[in-house]
Structure formats: C-alpha cells, structure tokens
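On the provided structure of chain A, position chain B as indicated by the hints.
Now for the letters of each chain:
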Amino acid sequence: MPEIASACRNPECEVATTGKCALNHELLDSCEEYGEAEADLDFGDDEVPDDRVEAAALTRLRSSDLLRPEQLWPLQKMVPTKTVALVGDFRAGKTTLISALYASFRKGPLAGFRFRSSRTLTAFAQRHHDALLLSKRNSPVTLRTSRQDGLGFFHLCLRNDASGDHNLLIADRSGETYADARSDTSLIGDLIELKLADRVCFLLDSARIADVEQRHSYKRAFKQQIHAFLDNGALSSSTVLEMVTTKLDKLTPQIEGRDLTKELADFEAATLAEFSDVSLTARRVCALPRANYGVGVVGLDKMLKSWLAPRAREYPGLIAAREPVRQLDRVFEYWSEV
Amino acid sequence: MSDREIMVLGFQASGKTTFAAALWHLVDSREISDTALVKGRHNGDFQYLEKISAVWAEGWAVDRTRSQEWLPITINLRSLVSETDVRLSFVDIAGETVERIFATREVDGRVDPLIREASGLLLFVSALRPIDDDSIVDMFLAYPDEAPPEPADDPVEAGSDASSAGSGEAVPFKVEMTPQQVQLVDLLDSFADDPLAMRPARIAVIISAWDRAHGASTPEAWLEDHMPLLFQYLATHSDEFQTRIYGVSAQGGHVPSKENHTEQSDRAEMLKQLEASRRIKVVGHGAGDHDLTHPIAWLSGVEN
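If you're matching them up, the sequences are chains A and B in order.
For the first sequence, position 165 matches number 165 in my numbering, and the numbering has no gaps at all.
For the second sequence, position 167 matches number 505 in my numbering, and the numbering has no gaps at all.
Next comes chain A alone, as it looks inside the complex (with noise of 0.2 Å):
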C-alpha cells in the first residue's frame, strides 16, 4: 500500500511493511523521523473528483428507443393502447412497414390522424434511416431486426379530431424467431407479443410468391405458421387477425407466362377460406417501392384506419348455474325465465 510505503522520511526504515522503527522507537509518534509533512499526505479519495460532480448534476431524459416489455405497463397504465404485432420471415417487411408509417407522419398526417407524440423517435429514425438520401444510399433499405434485437415496440400517438388519441404499439422482433417457433412449437409460448397483441398481422412477401422455385416451399410455411399459433393456443379468440401481402411492386403482372397477380390473388382467397372459422382477413400494401417506383406507397392509409377503428365492446354473457345452492345465485335462473 503506497500510503504506508511513504509513512515514514527515512528511505531505510520499513516500518510501513515490517513495523519496525530503524531508530527502534517503540512508540512510532516519538520517531522524529516518522511521519509525512501534511501537505505530502494522501488522505485517500473523500474528495469526490470534479467529473463526478457533474455526473451527479445530470439529469436524464427518458429514452426514445425501442421500448421493450417491461416498459410497456407504465404507458399501459396511463392511457388506453392497442398493440399489433407482425409476424412473418426474415426480410418480410415488419420493419419496413413500421418506418414506412413512421416517415408518413414525419411529412404530414395520414388516413385522418395527426402525429401527436411517441416514445420511440429514436428507433424510428434508426430504421429509416436507409431510406433517406443522408445515408447515400443508392437504393432505399431498412435496418433489419436481427434475433439478437429480441422483442421490442414501436409507439405512436395519433389523434383523430373525431375519436380523439390512440396509442398504437407495433411489436417487432427477428423473422427468424418466428420461424423457429413455426418448426419448433415449443418455442411460441415465447411469443408474448402475441397474448398482448389487439390485431396479429402474417406478413406474405410478394416476393416469395413469384420467385418461382420458393413459392411453393412458403406458401406452405406461410398457411403452417398461422396454424402452429392457432393449434397451440397462442392468440386469443378476440384477436384480429390479418394477413398483410407486402412489396406490391415486386409483382410485375406478367412474367414468363405467369400471372402473377392471379396466383396471388387466389392463394390469399385460398388462404382465407382455410382460416374462415376465425374471420382471417386480408390486405395489400407496399412500403418501400424500391423494385418500382411508379407503384408508390400503397395501403398504408386503410391499414391503419382498420388498425385504429374502434372495436365493438364485447361483454360476457351471464350463464346461470344449474342448480344452484345459494339463493343469490338463483336470482339469475329468475332472470333468464323473465
């Protein structure tokens, strides 16, 4: 220890590591020797160094990045939220479609709905920030959620002048995750979003439809992984549930014989008569016109009307019990005979 080390004037006395005085003073304080002028002492660390007291001093902004689960319960407390989540394969389109609604409200409102705040503005910009000419991009992309980014949610409150705010919350996490839920059903009670979810949205990727050797392998994938939720109790009877075909302008009408938009159309409408027993609907939408322009953004604005509309209150209906022992409860075998 330095501080003992330098005890003591004499260069030849040891006593900070033996104890014992080279004068041999038994007492240490009768040593003249011993002992540092008190400038030269070090009184160790009591004074708090000047970057920790501007540490100290900070005060600290709440975060605008993604929020994740645990977060969401202190917004939940305080106003009414509707959660979506989006489901689909690696390079689907979650991320693209969520930074899409986000850069629509950064240049004015959209399906009647105003920006009026949001606790992820960082993560927004994060996601889209490679579709922006600052990236010098030469072609736009989105930051792609990898299975490490685990789950988390975008936020935006929007107003309506008519139904007032909604707080929308949009889970994101890895295609990859999904699809391993999907070979692996273990692995979907994992999936939490999807018991916290309002609306469930299965991403179908345009692009995988006319790639004509994969369609047939994801057509199947698409139909096992709504099953896979379905067989094994992950979402709830009240849940909506949407199948979003995305990147519209991947689908040139006509290619090597094929049309595209038929086969399309048809899997969706074979797709919904498979799920009719629990009101699958469908829509298109494209958020990143990369492959052709002139398609432009599409589908956003009905998107997230639907995503917005208010749902018809559902009450739980009154059963009366059969035979009831307690007089209380036959009241309600009164009421239904009334």
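Read the hints as simulated data drawn from the structure, not as lab findings.
Worth double-checking, as some hints may not be accurate.
Said to hold, decoys possible - What the simulated footprint calls covered on chain B by chain A, stretch by stretch (three residues with Cβ under 8 Å from a Cβ of chain A suffice, anywhere in the stretch; the number is not a length):
| no. | stretch |
| --- | --- |
| 1 | 350–364 |
| 2 | 435–445 |
| 3 | 526–535 |
| 4 | 607–617 |
What the hints assert, rightly or not - Once the Cα atoms are required to be at most 30 Å apart in a straight line, the calculated BS3-like pairs of lysine-lysine come out as:
| no. | chain 1 | residue 1 | chain 2 | residue 2 |
| --- | --- | --- | --- | --- |
| 5 | A | Lys302 | A | Lys82 |
| 6 | A | Lys107 | B | Lys619 |
| 7 | A | Lys107 | A | Lys136 |
| 8 | A | Lys195 | A | Lys302 |
| 9 | B | Lys619 | A | Lys136 |
| 10 | B | Lys596 | A | Lys107 |
| 11 | A | Lys82 | A | Lys262 |
| 12 | A | Lys195 | A | Lys219 |
None of the values given here were measured: they were computed from a predicted structure.
Even for Gly, the Cβ is constructed at its ideal location relative to N, Cα and C.
Same frame as chain A, but now just chain B:
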C-alpha cells in the same frame, strides 16, 4: 416587476444569438417607437449583449464561439399599454448543447431548472436549415427516369455500409443524424415527461432567416410544409399550450462574417439604412414590421 422565465431552444445556427443581438439594439436604440415592449430599467450586466449587438449593427454575421456555451441574458422590458415591467431572462445555450442533450439524453444541472420553470418557450428553427430528411423514394417518385435498377437482395444488414444497396459509400446511422424536426419533437416531448415535466403555457416558434423562406405565404404554411412532424406536434398539443409561429429576419438580409467579409452579401445595401432597427423584419400575429418584442410580449402574457 413581472419575472418571466422564457426558455430559448434551438439548434446550432438557428438564429438565437442574432435574435438577442437585434432585440437589444432595437429596445436600446429606441429607433422604432411602436414596439409591443420598450426597454425597462437599465441595470445588470450587458457586456455580452453589447458585444453581439455591436457586431450585428455593423452588418456582420453574429457568430458565437463554441466555448461560449452558457450565456445568461437578462433584458428589462416594459409594456407601456399595460404598464407592466417584464424581465426577460434566458440563457443563450449553445446549439451544440441542445444537440448533445438529444444524443446523450442527459441534461446539465444548469439547464434543468430552466426547463422545469419555463412559463414560455421561444423555439428557433431556421429557414436555411440543412435538408436532412428527404427520402430516396420521394426523389425517384419525382424523377423516375433517374431510378437505378433494384439491387439484388442480400442478407447484409442495412445498417452496414457494405450492402449492395449502397454502392459501398453508405453513411451508417448515428443518433445525431436524426432529422432536426424529429429531434425537436422528441426533445419537447421528453422535456414534458418526468423528471423535468416542462409545462410552458405558450410556445412561440421563430422561423429565422425569414427573408430566405422563398415561396412561403405565411410562417404557419412554411412550418407545415418544411417541418410537418413538428407542426402536427404543436397542433395536437393545443389543449396543453398555445402556439404562435412568427417569421423573423433579424439581420434583414445575408451578411458575411467579419472574418470572411469578401463573400457576396447584402451588407452594403443594409448599411445604407439610416436606422439599423429597420433592417429587422417580423411577420405574423399582427406584429409590427420590425417588432422583435411582439413574440416576447405574447409569451409574457402582456400581449393576448
């Protein structure tokens, strides 16, 4: 004496310091008689104001050095109509500091009380702001013939600069690259949340360099067109605070910096003006043509 705590917020080169310099000249010179507020009792430390207003009056660009990060400014003003004294106190915080707050999410202990106690906010944006949020899609929608063929999809993460989509020169995202209007909205929204809980009753947006806002009919139309997210934010918070948008040209034209006075400018023409205060141009909400005190009077509650 009515003390009004007015917070001044704006990024680098948004016109805050030039506004302060011109305001001091305006009220101290008494060249314009019909301003909403006039100069009040002369007491306090005006060295900084004297320095910058002299630079302004000589027709030079009012620059601030980076080291001048923290400059408290107090101007005593008086409303002759309501016979009210108003002490306008604000700290001219360097734009870099505001940008750092956004990037680090940390607010200096000296800025903290200004935000908490602000009863009014002067929010500066410049009509000369760099364009930082134009999208590639919008460009190719406008010029479809210029659009390159779609690059092959590859599994490279878009955040990297090696994607085939970017020709190897892509600029990866940094938090400071968030578009300015998004940064401003986020700061206003974050300041309003805990722990700072900023609650200004009024916000006056000053669009500086208004003489360069070509084609805009009104300051409101300019803000809606150029910073639509901020415009929506202000409009949808009308239940929490009132907003006014002013167009201000505190210089009255393009002036060079003293260090680089050879650049082309309007300086020679501006110096011909007999009263320097008449170089100032203010647009919006019934303000006099040169009346920089109008937004302050409104923020102070003297002007309704």
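- Query: Against chain A, does the stretch 435–445 of chain B show at least 3 residues with beta-carbon separation below 8 Å?
  - Reply: holds (count 4)
- Task: Sort out whether A/Lys82 lies within 30 Å of A/Lys302, counting only the CA atoms.
- Result: Between A/Lys302 and A/Lys82 the Cα gap is close to 16 Å, so the pair holds against 30 Å.
- Query: Within 30 Å, alpha carbon to alpha carbon, are A/Lys195 and A/Lys302?
  - Reply: holds (25 Å)
- Stated coverage of the stretch 607–617 of chain B by chain A [criterion: 3+ residues, CB within 8 Å]: With 0 residues closer than 8 Å to chain A, the stretch 607–617 of chain B misses the three-residue bar; violated.
- Verdict on chain A covering the stretch 350–364 of chain B, where coverage means 3 or more residues with a C-beta closer than 8 Å: It is violated: at least three residues are needed, and the stretch 350–364 of chain B offers just 0 whose Cβ sits closer than 8 Å to chain A.
- Task: Would you mind confirming whether the straight-line C-alpha gap from A/Lys107 to A/Lys136 stays at or under 30 Å?
- Result: holds (20 Å)
- Message: Against the 30 Å threshold, does the CA-CA distance of A/Lys107 and B/Lys619 hold or violate the hint?
- Response: Given that 30 Å is the threshold and the Cα spacing comes to 29 Å, the pair holds.
- Verify the coverage statement for the stretch 526–535 of chain B against chain A, using a C-beta to C-beta distance below 8 Å and requiring 3 or more qualifying residues. holds (count 7)
- Given the hint that B/Lys619 pairs with A/Lys136, test it: the Cα-Cα distance must not exceed 30 Å. violated (37 Å)
- Message: With the threshold set at 30 Å, check whether the alpha-carbon distance from B/Lys596 to A/Lys107 stays at or below it.
- Response: violated (38 Å)
- Message: Against the 30 Å threshold, does the CA-CA distance of A/Lys195 and A/Lys219 hold or violate the hint?
- Response: This hinted pair holds, its Cα atoms lying about 25 Å apart.
- Keeping to a limit of 30 Å between CA atoms, is the pair of A/Lys82 and A/Lys262 held or broken? Not satisfied, since the Cα-Cα distance of roughly 34 Å exceeds 30 Å.
The structure does not agree with the numbered hints 1, 4, 9, 10, 11 stated previously, though it agrees with the rest.
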